[in-house]
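Construct the entire structure; sequences and hints are all you get.
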Amino acid sequence: DAGVTQSPTHLIKTRGQHVTLRCSPISGHKSVSWYQQVLGQGPQFIFQYYEKEERGRGNFPDRFSARQFPNYSSELNVNALLLGDSALYLCASSLTGPANGYTFGSGTRLTVV
Amino acid sequence: AQKVTQAQTEISVVEKEDVTLDCVYETRDTTYYLFWYKQPPSGELVFLIRRNSFDEQNEISGRYSWNFQKSTSSFNFTITASQVVDSAVYFCALSEVTSYGKLTFGQGTILTVHP
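Protein sequences, first through last, are from chains A and B. Per my numbering, the very first residue in the first sequence carries number 47; after that it's consecutive. Per my numbering, the very first residue in the second sequence carries number 678; after that it's consecutive.
Derived by calculation from the structure, the hints in this document are not laboratory data. Beta carbons are placed, not taken as given, at the ideal position from N, Cα and C, and that holds for glycine. Hints are all accurate, no fakes.
Here are a few chain B residues that face chain A, going by a calculated C-beta distance under 8 Å:
#1 Arg727
#2 Ser776
#3 Gly783
Written as structure tokens, this is what we have:
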């Protein structure tokens, strides 16, 4: 079985641009969460979606948005990119929630110049 | 609010030494889950263990063992007879049942095992 798939693996954008990151969860998993990991820090929670509905949101500005599609894949969108948005963006999928654990993808490394 | 503290920023050991990574957590919930993840240089978070708040049994998996103590809000991780391949960043994380899938991570501990 395929694990959690994220695309692209690396991305370079210019300040002020928009970016879309994609995540495909493990087959059968209905929950997708997004995390931002700045170099040298632990991952920070951005969003969680379950059955296409937003169930949780972290302390991130409105420039960050996400959605989940009927096939449970997900997109994370970031508008008006800032240098500080440079980070590793991780997607995690789960069958339902913490009782089933979370499986992470390899991440998308975003560099904003 | 939930919080996870990993006080050890970096640990350096020589191969075959035992090493313990500390994790202390804060939560108001009575039902929660604790996790340990390993992050090698490739960046992917590799799941090591999940423990729920009602199960205080210690667990051993090969060279890895975990000590969960609710009385001190700690969930420590020990690697016995460390190997160079254990070199990575290790994260402890907490998820409250009411938090809809949010994992709160500690700052991580960088473990370097020298040959």
